[in-house]
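Chain by chain, the residues run as shown.
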Amino acid sequence: MSEYIKSDVGEYLTNRTMNFEKSPPDFVWNNIEKAIPVYNPTGTVNTLVKLVIGTMSLSVIIFAVLWFKHLNFSETESQNGLVLNKKSATLIQTKNVESLAQNTQTTEQLVTSDNKNLISDHNTITQNTHKINPVTIQEKTYSINASGLKGVNEISFVDENKKTALSTKNPTPNSFGFYVIDISKLATGTYSIMITTSEGTRLHKKETFK
Amino acid sequence: MFENISDKELVTACLKNNREAQKAFYQRFASKAYGICLRFSQGNNQAEDILQEGFIKIFNNLSKFRFEGSLEGWIKRIVVNVAIDFVKKNVKHFQELNESIDETCDVFEDETVSRLSVEDLMKMVQELPDSKRLIFNLYAYEGYAHKEIAEMLGISVMTSKSQYCKAKKILQERLTNIKNKSYERVH
Chain A
1 MSEYIKSDVG EYLTNRTMNF EKSPPDFVWN NIEKAIPVYN PTGTVNTLVK LVIGTMSLSV
61 IIFAVLWFKH LNFSETESQN GLVLNKKSAT LIQTKNVESL AQNTQTTEQL VTSDNKNLIS
121 DHNTITQNTH KINPVTIQEK TYSINASGLK GVNEISFVDE NKKTALSTKN PTPNSFGFYV
181 IDISKLATGT YSIMITTSEG TRLHKKETFK
Chain B
1 MFENISDKEL VTACLKNNRE AQKAFYQRFA SKAYGICLRF SQGNNQAEDI LQEGFIKIFN
61 NLSKFRFEGS LEGWIKRIVV NVAIDFVKKN VKHFQELNES IDETCDVFED ETVSRLSVED
121 LMKMVQELPD SKRLIFNLYA YEGYAHKEIA EMLGISVMTS KSQYCKAKKI LQERLTNIKN
181 KSYERVH
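Line by line, the protein sequences are chains A and B.
Using our numbering, the first residue of the first sequence is number 1, and each one after it goes up by one.
Using our numbering, the first residue of the second sequence is number 1, and each one after it goes up by one.
For the record, the hints were derived by calculation from the structure and aren't laboratory data.
Predicted, not measured: the structure shown is a model, and the values here were computed from it.
Check before you lean on any hint, since a few could be wrong.
Claimed, not checked - Okay, the calculated bits of chain B under chain A, using three or more residues with CB under 8 Å as the criterion: (1) 5–12; (2) 48–56.
What the hints assert, rightly or not - No more than 27 Å apart at the CA atoms, straight line, and that leaves these computed lysine-lysine pairs for BS3-like: (3) A:34 - B:64; (4) B:76 - A:22; (5) A:205 - A:163; (6) B:57 - B:88; (7) A:34 - B:123; (8) B:123 - A:22; (9) A:6 - B:123; (10) A:6 - B:169; (11) B:89 - B:32; (12) B:64 - B:32; (13) B:32 - A:22.
To be verified - Just the calculated beta-carbon pair ranges, DEER-fashion: (14) B:88 - A:27: 34 to 40 Å; (15) A:56 - B:63: 35 to 41 Å; (16) B:23 - A:61: 40 to 46 Å.
For glycine and all other residues, C-beta sits at the position ideal for the given N, C-alpha and C.
Only chain B is shown next, with the shape it has when bound in the complex:
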């Protein structure tokens, strides 16, 4: 009944606390939101917690949405904010790094790498340490500048940059290892 209606009509129905509309709303946006939650979290359990908390917040604040931007963008911002708060709780402190930053961190997209599934790549991001994963998400996926990240997390710009580079190094090493293993198998 609510599958084919517009976002605005769906929101209106949800605001009347129509359970069917609320479920349809969740089903429409949950998969994308869960994807965001997975890359912010260490694993499925954490991602489910973030998703649950995120949607509860969405439904409780749905009346504040004015349709001035896209509904999907509004939902994504809420989920990201919930994810940030969730990960911040787990990070005791952000290691201040003042090392010289080598921002060059390339990967060759060969057959081995290109054959890696999206799930495999997501798993690599999940396996990053909490602080690095958070900053990697904020910079690479969400497009925040290091200055904004520094203000958000209460760290220095230098720390944000170095943490991000560290994250990339780790990912590069992972991809290189996979490639080397593949070559070893072949050769």
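Next up, chain A with everything else stripped away, as it sits in the complex:
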């Protein structure tokens, strides 16, 4: 007769099954690895390499764009410079010529006359400034429209004391049809402008010069 061991069922079961092991299905690990972080050293190196290459590429692109812009700007500048230089040369040339013989004109209209009579033509007083080297000479001229005037022998400026302050004999109208009289040396005052023709002398106009 065999002997049977009597034991508490709880103890019996735990003793028999305490170290029970069983391999789980493969999909369990697949699910676990999806949920846990992974470090891929090769991937990190690849990522670093990609980052470096990307940065270098970007730098090259930026440099190329800036260089291209720089080139364009330089060309434009040089083009403009040529234009400027030409202009400058012209100006300098002009100035040089003027400094020798011609005037740099700034024109002012000094209209002081209140004479509304006589010839309603253009009588303009022109103030010219020309430079001969460093010296500035102011020139004042008085223009009289030559149309309607024939055979003018003399144009004279008579002051209030009936004294002829200025006289121009046998004046010649300029290309615009004006007699241009230099009145720079005329003193300030009111003058009767007398025109002498073959028919005699007559008052052309009274003007006050300042």
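Mind docking chain B on chain A? Use the hints.
Same frame as chain A, now just chain B:
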């Protein structure tokens, strides 16, 4: 590569998020952990869920392990805690039993019983009702006292004891039935 290294070296490699090391770690401890999961659960599906959740928690907390005790013991505690939480969710409430407790629940280990495989015995434990299975595991396998179990599950000590006895009764009946069937076959 990682099969023959120490637990400490394996953990260090895992903490660097080396996938091969992590797989080797899992393969080293998964079978024992799965065994624990099977006895806490009703069947394979539940056991797989507990195992998966347990290892995710293990990997996420691996940096906290200080090698002050055994790694296997640390892993087992985590898996058991996950299993407890898992089963507790399924147990609506623990039936409060105030019956007189007869803690005597013996089994005769005869040929029939001894021939039963470990898988068969495990299946008997799995077939216990959830609340009884949980308390049976905590007391018989994990060595918790009834007072600790009562605090853990929010039940009385009496309920824990009676649930445990009930579990043993069920297991005893199962084993007796198997023996009787065997005798019936023979005789």
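TODO: For the pair supplied as a hint, residue 76 of chain B and residue 22 of chain A, confirm whether the alpha-carbon distance does not exceed 27 Å.
DONE: Roughly 15 Å separates the two Cα atoms, so the pair holds.
Open item on the list: So if I understand the rule, the pair passes when the alpha-carbon distance is 27 Å or less; does residue 32 of chain B with residue 22 of chain A pass?
Closed with: With Cα atoms ~7 Å apart, residue 32 of chain B and residue 22 of chain A stay inside 27 Å; holds.
Open item on the list: Tell me if the straight-line CA distance from residue 57 of chain B to residue 88 of chain B falls inside 27 Å.
Closed with: Cα-Cα ~18 Å, so holds.
Task: Hint consistency between residue 123 of chain B and residue 22 of chain A [alpha-carbon to alpha-carbon, up to 27 Å] - done: Given pair residue 123 of chain B, residue 22 of chain A holds - Cα atoms ~13 Å apart, limit 27 Å.
Open item on the list: Cut-off 8 Å, C-beta pairs, minimum 3 residues; does the coverage of the region 5–12 of chain B by chain A stand?
Closed with: Violated - the region 5–12 of chain B has 0 residues with a Cβ nearer than 8 Å to chain A, which falls short of three.
Task: residue 56 of chain A paired with residue 63 of chain B, Cβ distance criterion 35 to 41 Å - done: Once the Cβ atoms are compared, 37 Å apart, the range 35 to 41 Å for residue 63 of chain B and residue 56 of chain A holds.
Open item on the list: A range of 40 to 46 Å was offered for this pair. Does it hold for the Cβ distance of residue 23 of chain B and residue 61 of chain A?
Closed with: About 43 Å separates the Cβ atoms of residue 23 of chain B and residue 61 of chain A, which means 40 to 46 Å holds.
Open item on the list: With the threshold set at 27 Å, check whether the alpha-carbon distance from residue 89 of chain B to residue 32 of chain B stays at or below it.
Closed with: holds (23 Å)
Task: Pairwise hint evaluation, residue 163 of chain A against residue 205 of chain A, where the allowed Cα distance is 27 Å at most - done: holds (16 Å)
Open item on the list: Can you confirm whether chain A covers the region 48–56 of chain B, using C-beta to C-beta distances below 8 Å and requiring at least three such residues?
Closed with: Result for this restraint: holds, n = 5.
Open item on the list: Hinted pair, alpha-carbon criterion (27 Å max): residue 34 of chain A, residue 123 of chain B. Please report holds or violated.
Closed with: Answer violated: residue 34 of chain A to residue 123 of chain B is near 31 Å, above 27 Å.
Task: Holds or violated: residue 6 of chain A to residue 123 of chain B, with C-alpha atoms at most 27 Å apart - done: holds (22 Å)
The structure fails hints 1, 7, 14 (numbered hints given earlier, in ascending order).
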